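Trainee: Residues per chain are reported as follows:
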Amino acid sequence: MDKKLKHRKIKDNIFTAVIVIITMLSTVPLVLILYYLAKMGISSISWEFFVNLPSPPGEIGGGISNAIVGTIILIGLAMIISIPPGILLGIYLAEAKYSKFIGLVRFSVEILQATPSIVIGIIAYLWIVTTLGGFSAISGSIALGLMMFPLVAKSTEETLKMVPNSIKEASFALGVPYYKTILKVVLPTGLSGIINGILLAVARVTGETAPLLFTAFGNPFMSTDITKPINSLPLLIFNYAGSPYKEWHELAWGASFVLVIMVLLFNISAKTIAKKWKIKY
Amino acid sequence: MENKILKIKNFNAYYGDNHVLSNINLNFSKNTVTAIMGPSGCGKTTLIRAINRMHEFENGARIEGKIELFGDNILKLDPIEVRKKIGMVFQRPNPFPTMSIYDNVIAGYKLNGIKLSKNEKDYLVEESLTKAALWDEVNNDLHKKGAFLSGGQQQRLCIARALAMKPEILLLDEPTSALDPKATDRIEHLIEELKKEITMVMVTHNIAQAGRISDYTAFLYLGNLIEHEKTKKMFTTPKDKRTEEYLSGKFG
Amino acid sequence: MNKIFNGDNNFQIITLFSGLLILTIVIGIFITLFVNSYEVLHTFGLDFIIGTDWNPVTQEFNAFPFLLGTLLTSFIALFIAFPISLSIAIFLGELSKDGMLNTLINGAVELLAGIPSIIYGFWGLFVLTPLVRELQLLIDIPPYGVGIFTASIVLSIMIIPYAASLSREVISMSPNEIKEAGYALGATRFEVIKSIILPFSGSGIIAGVLLALGRALGETMAVTMVIGNSHIIPDNIFSPGNTMASLIANEFTEATEEIYLSSLIAIGLVLLIVTAIVNVTGKYIIKKFIPNMN
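Protein sequences appear in the order of chains A, B and C.
Here the first sequence is numbered in the working numbering, starting from 10 and rising by one per residue.
Here the second sequence is numbered in the working numbering, starting from 19 and rising by one per residue.
Here the third sequence is numbered in the working numbering, starting from 14 and rising by one per residue.
Hints are computed from structural coordinates only; laboratory data are not their basis.
The structure displayed is predicted, hence computed values, not measured ones.
A virtual CB, placed ideally from N, CA and C, is assigned to each residue, including glycine.
It is possible that part of the hints are untrue.
[Unchecked claim] Restricting the straight-line Cα-Cα distance to at most 27 Å, the calculated cross-link-like pairs of lysine-lysine (BS3-like) are:
| # | chain 1 | residue 1 | chain 2 | residue 2 |
| --- | --- | --- | --- | --- |
| 1 | A | LYS18 | C | LYS192 |
| 2 | B | LYS162 | A | LYS189 |
| 3 | B | LYS48 | B | LYS214 |
| 4 | B | LYS184 | B | LYS163 |
[Stated by the list, open to error] DEER-style ranges, computed between Cβ atoms:
| # | chain 1 | residue 1 | chain 2 | residue 2 | range |
| --- | --- | --- | --- | --- | --- |
| 5 | C | PRO96 | A | ILE270 | 28 to 36 Å |
| 6 | B | PHE166 | A | SER64 | 53 to 61 Å |
| 7 | C | ILE272 | A | ASP234 | 30 to 38 Å |
| 8 | A | ILE270 | C | SER216 | 33 to 41 Å |
With these hints in hand, go ahead and build the complete structure from the sequences.
Mentor: As structure tokens, this is what we get:
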């Protein structure tokens, strides 16, 4: 084998080795993070952990019940606020003919999606908190809803675009008007994709803290009043991790563990639904 | 003299500046099958889709002329009403994937909010599937979704769905071009049976198929109607040289 | 009457309204930010962006330390993450396109993307910071632990999936014909990747980098917890600092005076503009140069 070729072959092998090694190493941070989460978090998990309120520093036996309830309320409201307009917008983007207006709308979707979550928090503060005169769950939900809106719209649009034209035509040929065709034929056909998009959006905002910092604000007590401040898992983690109290750190690890499991479950359900409920056509 | 229930008069179609169909005058008699044939780009699909106003979904489509069904100009009616009277079967079978076979057959009623009693529905489903020669194969699986059906069966389901609306006219846009020979054969027999009850207009690029099952044939070329005649007559003694060349496969 | 108020028209109007809604929201966002920061921008002028002092006590508000902090952390993070993301992209897109290994690594990368940023921050604070402290003691510099360096590392881990996934898609979409042409000429795999696949996928890789950058610029919580919260311009990579996002997160609820709050909102506006430009450019490149991409 001539020298040049040998050279090139060695280069090739080194290159492949480097790529493989770097790729494998890239999984190390993930393993580290999950390992620490499990190690520090699992020890905090107990029945009391889920049922009790956070206790003052120095006392043991605190829990994250208000944060869990708060997270559920915030997400639930955000879903109510963002899903109907999100789906409608998705339908509009998928179906309407091109025009300057639609170009602007698409651009807006991109901008809203790219907006940093802390800026969303500022906006929700300026629009809602100042109007209502205080922090509240509703302002936090609106912030989260603003983040979910473009995500739901885009995934709905993509799903609807994939429904074959022939199915719409079959409906038209039966004398079904356009809007009924969309609502009764196209949407149900794309339902699994739409739900997938919704679940992914939910997974995304479940872990968000920044938009809640000056909207939902956090609450050491249990609250289901949406006009008052409310706690949530990410807020609790942020506040307690940065505190000087060891018991609170432990609570934060436990809460982190629970949060990651929640987000993981949403992601996995999204994938499962996308696969299992997918209508073949 | 057969009853001419569908009449196309001085019909012109444009897509933007493209003059796609010129001065078409064509009549269809009750209980006949008319094949519309021609090389690609001759306008046959445009013509058939204009009959049930489906052409309106294309950008920039413009038409002139009249299409009369029992004397009414359907171009002036509400397209939704037209489509309830004129059914269509498409090239690729397209049963609704989220609905069961049963619901697919009566989809035209369900989607339009027309209420039927359970007995009426059951009767309609059995009647339509029988007419479409599919009842025996699916009567035990009516509540399953149609994805497991073969291509030919799906197409017969689509025919049943169209028939359930009791249309006067059934339009078929290359109904067997996506199917295998065996399935094609079954559907051709079905069309011959259905002729007794319903009038059909069929676009096909399969000359032999037209020869087999159509009573009349209309030959289109570059947007013009070249010849319209009883099929047997046209195939044996075509009047126009272009018709002859097309039939003998000189161009397609 | 029937013609105007039929179901189809109502439906078109409702969906059109949703388009109007998002347009209004976005315009509203810019107007709100601008109106609330007008005072500050008007008073300080260009100085706001290039001035270097941020002192709530003396009422001096200049954004430069945080602009710098944002740019530094983001670009260092990108610098660290890029080779890793590219390697992953080449691995998943070309070397190991299917199979168990592909599924596993793909899954790991997606998992990384799914971890909430607060968790990254928390982990960064409790696990990474002590390590950095050890390093700092080793090389004889003040052992803050927190700082630009730590924040950049956490950030780099977070953006790996963003740069990797888009690059992977374009690399895997490179047509077989051109690869085979290279092999048929006797090229090694390295040479085919370097001279054929990567140039072909170039625009996708750049777009991926831009999107990752956009993500990094706006990232708040992970950075807030490990960056050290300082107002002074960092003089080296290990100094504590602040990004625009972390500053807002840390100080918004304590901004009692109008001008303090206004300044923070002005910084939010700057952050939004920068992030939006980067993201939209990335999306534009995808649209223009990569056909068939969603």
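Trainee: Look at each hint and say if it fits the structure.
Mentor: Hints and how they fare:
no. : hint                              : result
1   : A/LYS18 <-> C/LYS192              : holds, 18 Å
2   : B/LYS162 <-> A/LYS189             : holds, 23 Å
3   : B/LYS48 <-> B/LYS214              : holds, 9 Å
4   : B/LYS184 <-> B/LYS163             : holds, 23 Å
5   : C/PRO96 <-> A/ILE270: 28 to 36 Å  : holds, 32 Å
6   : B/PHE166 <-> A/SER64: 53 to 61 Å  : holds, 59 Å
7   : C/ILE272 <-> A/ASP234: 30 to 38 Å : holds, 33 Å
8   : A/ILE270 <-> C/SER216: 33 to 41 Å : holds, 38 Å
Checked against the numbered hints given earlier, the structure satisfies every one of them.
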